[in-house]
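Number of protein chains: 4
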Amino acid sequence: MHIPRLLINFKAYMESSGDRAVEISKSAERIWREMGVLIGVSPNIVDLRLISSSVEIPVFAQHVDPIPAGAYTGHVPPILVKEAGARGSLLNHSEKQIPLRHIAESINMMRDLNLISIVCSPTPSESAAVAALLPDAIAVEPPELIGSGIPVSKAKPEVILNSLRSVKAINSAIPLLCGAGISSGDDVKAALELGSYGVLVASAVTKSPDPQRKIRELAEPIASFTRA
Amino acid sequence: MHIPRLLINFKAYMESSGDRAVEISKSAERIWREMGVLIGVSPNIVDLRLISSSVEIPVFAQHVDPIPAGAYTGHVPPILVKEAGARGSLLNHSEKQIPLRHIAESINMMRDLNLISIVCSPTPSESAAVAALLPDAIAVEPPELIGSGIPVSKAKPEVILNSLRSVKAINSAIPLLCGAGISSGDDVKAALELGSYGVLVASAVTKSPDPQRKIRELAEPIASFTRA
Amino acid sequence: MHIPRLLINFKAYMESSGDRAVEISKSAERIWREMGVLIGVSPNIVDLRLISSSVEIPVFAQHVDPIPAGAYTGHVPPILVKEAGARGSLLNHSEKQIPLRHIAESINMMRDLNLISIVCSPTPSESAAVAALLPDAIAVEPPELIGSGIPVSKAKPEVILNSLRSVKAINSAIPLLCGAGISSGDDVKAALELGSYGVLVASAVTKSPDPQRKIRELAEPIASFTRA
Amino acid sequence: MHIPRLLINFKAYMESSGDRAVEISKSAERIWREMGVLIGVSPNIVDLRLISSSVEIPVFAQHVDPIPAGAYTGHVPPILVKEAGARGSLLNHSEKQIPLRHIAESINMMRDLNLISIVCSPTPSESAAVAALLPDAIAVEPPELIGSGIPVSKAKPEVILNSLRSVKAINSAIPLLCGAGISSGDDVKAALELGSYGVLVASAVTKSPDPQRKIRELAEPIASFTRA
Chain V
1 MHIPRLLINF
11 KAYMESSGDR
21 AVEISKSAER
31 IWREMGVLIG
41 VSPNIVDLRL
51 ISSSVEIPVF
61 AQHVDPIPAG
71 AYTGHVPPIL
81 VKEAGARGSL
91 LNHSEKQIPL
101 RHIAESINMM
111 RDLNLISIVC
121 SPTPSESAAV
131 AALLPDAIAV
141 EPPELIGSGI
151 PVSKAKPEVI
161 LNSLRSVKAI
171 NSAIPLLCGA
181 GISSGDDVKA
191 ALELGSYGVL
201 VASAVTKSPD
211 PQRKIRELAE
221 PIASFTRA
Chain H
1 MHIPRLLINF
11 KAYMESSGDR
21 AVEISKSAER
31 IWREMGVLIG
41 VSPNIVDLRL
51 ISSSVEIPVF
61 AQHVDPIPAG
71 AYTGHVPPIL
81 VKEAGARGSL
91 LNHSEKQIPL
101 RHIAESINMM
111 RDLNLISIVC
121 SPTPSESAAV
131 AALLPDAIAV
141 EPPELIGSGI
151 PVSKAKPEVI
161 LNSLRSVKAI
171 NSAIPLLCGA
181 GISSGDDVKA
191 ALELGSYGVL
201 VASAVTKSPD
211 PQRKIRELAE
221 PIASFTRA
Chain P
1 MHIPRLLINF
11 KAYMESSGDR
21 AVEISKSAER
31 IWREMGVLIG
41 VSPNIVDLRL
51 ISSSVEIPVF
61 AQHVDPIPAG
71 AYTGHVPPIL
81 VKEAGARGSL
91 LNHSEKQIPL
101 RHIAESINMM
111 RDLNLISIVC
121 SPTPSESAAV
131 AALLPDAIAV
141 EPPELIGSGI
151 PVSKAKPEVI
161 LNSLRSVKAI
171 NSAIPLLCGA
181 GISSGDDVKA
191 ALELGSYGVL
201 VASAVTKSPD
211 PQRKIRELAE
221 PIASFTRA
Chain E
1 MHIPRLLINF
11 KAYMESSGDR
21 AVEISKSAER
31 IWREMGVLIG
41 VSPNIVDLRL
51 ISSSVEIPVF
61 AQHVDPIPAG
71 AYTGHVPPIL
81 VKEAGARGSL
91 LNHSEKQIPL
101 RHIAESINMM
111 RDLNLISIVC
121 SPTPSESAAV
131 AALLPDAIAV
141 EPPELIGSGI
151 PVSKAKPEVI
161 LNSLRSVKAI
171 NSAIPLLCGA
181 GISSGDDVKA
191 ALELGSYGVL
201 VASAVTKSPD
211 PQRKIRELAE
221 PIASFTRA
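Chains as they are written, first to last, in our numbering: chain V, 1 to 228; chain H, 1 to 228; chain P, 1 to 228; chain E, 1 to 228.
Note that these hints are calculated values from the structure, not bench results. All of these numbers come straight from a predicted model, not from anything done at the bench. Just to be clear, a hint being listed does not mean it is correct.
In this list, chains with the same sequence are indistinguishable; a pair is considered to hold if it fits within one copy or across any two.
The calculated DSS-like cross-link candidates involving lysine-lysine, where the alpha carbons are at most 30 Å apart (straight line), are [claimed, not checked]: (1) Lys82 - Lys96; (2) Lys82 - Lys156; (3) Lys154 - Lys82; (4) Lys96 - Lys154; (5) Lys82 - Lys26; (6) Lys189 - Lys207; (7) Lys189 - Lys26; (8) Lys26 - Lys168; (9) Lys26 - Lys156; (10) Lys189 - Lys82; (11) Lys207 - Lys82; (12) Lys156 - Lys96; (13) Lys207 - Lys168.
Whole structure, please, built from the sequences with the hints as guidance.
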């Protein structure tokens, strides 16, 4: 199972929907081929199938509901997300918080379907809690820095260090991504040096005048770091 | 604005997702061409764009969130649904109940985008409440009959009659669909004779061994009735 | 059934909890005896029984869940609220929005228990929607003015006028209270002159250095107006 | 800080509200004095203050919201629960599931107020997740056995054993209660022998024709066990 080192969340932005979602995803694919850095994209659910059929890099839903296929108007079961070509899903993003039991059930359902679960968490202690549920990866993001342009890796390095420590104490095999305010290659480098497996970004790429250049900038420190 | 007389809700069924969603939608389109009965389909959100680009009949989301495009991971704003080709959305289905204010805000946002809002309601008095919010149509469905195979139009005709009366008292221009347990042409006929503008169906079509034949059966009384 | 002309919402303020809740409620009771203006209080649920047993004026819960008595940990059925001495409940406050169906079900359950339902609404069209559900009273409060100190009755008189018009069109017997930013006797007078049956207030009283004097100030225009 | 060995959840039952809530609580207090077994009661929030002022045994809310005192109509901040005399709160009961972040924030707010947090969980892995958030105690209850009369301690001993193991791995100081279907002294004995610190019960006591006798029956094995 391949967890992306750079995961781009398209949220519900116009700038990263429809044709633009395809374009950004193809840019990410190009950088992956160019540099060998595994990049994932998480488009809005309306674009999920379109993106899955347009690129070979892994595509993630932004949320799934812990339900089987069935009579659930307005809900999205993991199996339909898989059928639409996704390789996994984000869960519990600070913009889409869900009950503890839904996190646990969704992880289990996704595991049975061979879908990658990446669970978001705002703090070290919640990262530890999530780790106990055995997701495939955890993405720690202090909500107050999301979209702020203030990089977690520089402004709150202790959030990353403490999350790493507390997650490792529970299960040393779960990779930790970090996010919130990451907008330059330098921010990514700082995150990796602290011990992050990778980073989660959104507006830095989706609102960039030149997303491909921005993705390359963010991927470069990962390429250097993982080569080293 | 064209409100379908027959609206097929695909829910989150496997039987009406992916390729099968396309197939059922194409069947509906064929019946529309054959009989002139306007049929709408409401696929799962993962299939929305696929279906919109496959057929000319109107396609409806099963739910939208009352938000603009933006930083809303795991949410679906009306504008993205429109961009994906939908002509409107269901709202407040009994399987996806939302706060009163969300109904009002979603209707307003959809009106501004020229998207058709069809708001579900379980009872006559809630149909009246919804009518006051001026949606494009209302679909009354007693939850206890949904998926039961017991047709609302025969088992609870008073729900339809009282909904019609109470909606008309508020705004006589809002068409009323009815649903729950509708599974034969006869059930549709009964609904129309009571005064329904149309019907909302799900498993009767999606789980049929021959969806096209079933759609034809359900559309026939509408064709007769609207010709009469 | 007696709907208060002045309803004081204690929210979850420290300033209006425990002993202070009793004191404010007794002040309200005194003004009621002094002026004959019916005043209601809506304490936090932890204080509901304490207040109900301390004063004779009507006490309202701030919210109830649409459930019977039973295995509902962390929920509050209307019947327990009644048993604790409440005379009714607020519902759907902008700080506690609930699904349309919960509003309808709660109103029905409260009616069966002889409890007064006062349903909050942010706009004229939602006031009309609520009116169709036949609550005992409606309280319209534009959320952006709640706690602002800018009185709805002066800053947005059209919200009151349009709510009155749209509620009357549905059921002319439902009294309309208005709230948000009401903090002086003058604001109350303006509300009554526009046609409000009464007003809903919170911080103006609960955070006042002299709640009794403030209640008297707010009740005076009601006394004059209803005498007139 | 004293965590009860026997915690009685009154839910929203008529049989354990108002005067009956006082009576059951006084019975629990008597057994505590008689046997020295610490018993806690968790009345419905409408009865919280009444019970707190009637008995000396610890009283727990059934839920709190992760908010400070303030403009939160229809919500209950921990500080008001404390002011009403509670010694702590249950959280995340299977009948009142809350987002992971709310659990974390509520625990932290309660710790700052010296309130005891007892967090419910349905499975061993969710118990571990909760343990990482450092509550004062965890209560594991398989939801399918709640109210069933089939005791978790006999029907699903592995849930208790695995929860103990996984909680200990994270923090060996957090006591584990277990619940669901516990209705006899024998069920309690089985729970203690498996390693439970105590038990959580509801209908076995609240719906008993003789609650005091039932509480004594449930407390006896605890008295024997803790003496041993």
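Here's how the hints hold up against the structure:
1. In the homo-oligomer, the alpha carbons of Lys82 and Lys96 lie at most 30 Å apart both inside one protomer (20 Å) and across protomers (22 Å), since each shortest distance falls under that limit.
2. Proximity of Lys82 to Lys156 under the C-alpha cut-off of 30 Å is found in neither arrangement, the shortest distances being 35 Å within a copy and 33 Å between copies.
3. Within a single copy, Lys154 and Lys82 get their C-alpha atoms no closer than 36 Å, and across copies no closer than 39 Å, so neither meets the 30 Å cut-off.
4. Taking CA atoms no more than 30 Å apart as the test, Lys96 paired with Lys154 passes inside one copy only; the shortest distance there is 25 Å, against 38 Å between copies.
5. When the C-alpha separation of Lys82 and Lys26 is checked against a cutoff of 30 Å, the pair qualifies both within a copy, at 20 Å, and between copies, at 23 Å.
6. In the homo-oligomer, the alpha carbons of Lys189 and Lys207 lie at most 30 Å apart inside one protomer (21 Å), although the nearest pairing across protomers, at 51 Å, exceeds that limit.
7. Taking CA atoms no more than 30 Å apart as the test, Lys189 paired with Lys26 passes inside one copy only; the shortest distance there is 24 Å, against 51 Å between copies.
8. Taking the closest pair of Cα atoms, Lys26 and Lys168 never come within 30 Å of each other, the shortest separation being 34 Å inside a single copy and 47 Å across copies.
9. Taking identical chains as interchangeable, the C-alpha atoms of Lys26 and Lys156 are never at most 30 Å apart, the minima being 32 Å within one chain and 50 Å between chains.
10. In this assembly of identical chains, Lys189 and Lys82 lie within 30 Å of each other by CA distance neither inside one copy nor across copies; the values are 32 Å within and 39 Å between.
11. For the identical chains of this complex, Lys207 and Lys82 are neighbours both inside a copy (28 Å) and across copies (21 Å), given an alpha-carbon limit of 30 Å.
12. For the homomeric pair Lys156 and Lys96, the shortest alpha-carbon distance inside one copy (23 Å) is at most 30 Å, but the shortest distance between copies (33 Å) is not.
13. For the homomeric pair Lys207 and Lys168, neither the shortest alpha-carbon distance inside one copy (34 Å) nor that between copies (46 Å) is at most 30 Å.
The earlier numbered hints that this structure contradicts are 2, 3, 8, 9, 10 and 13.
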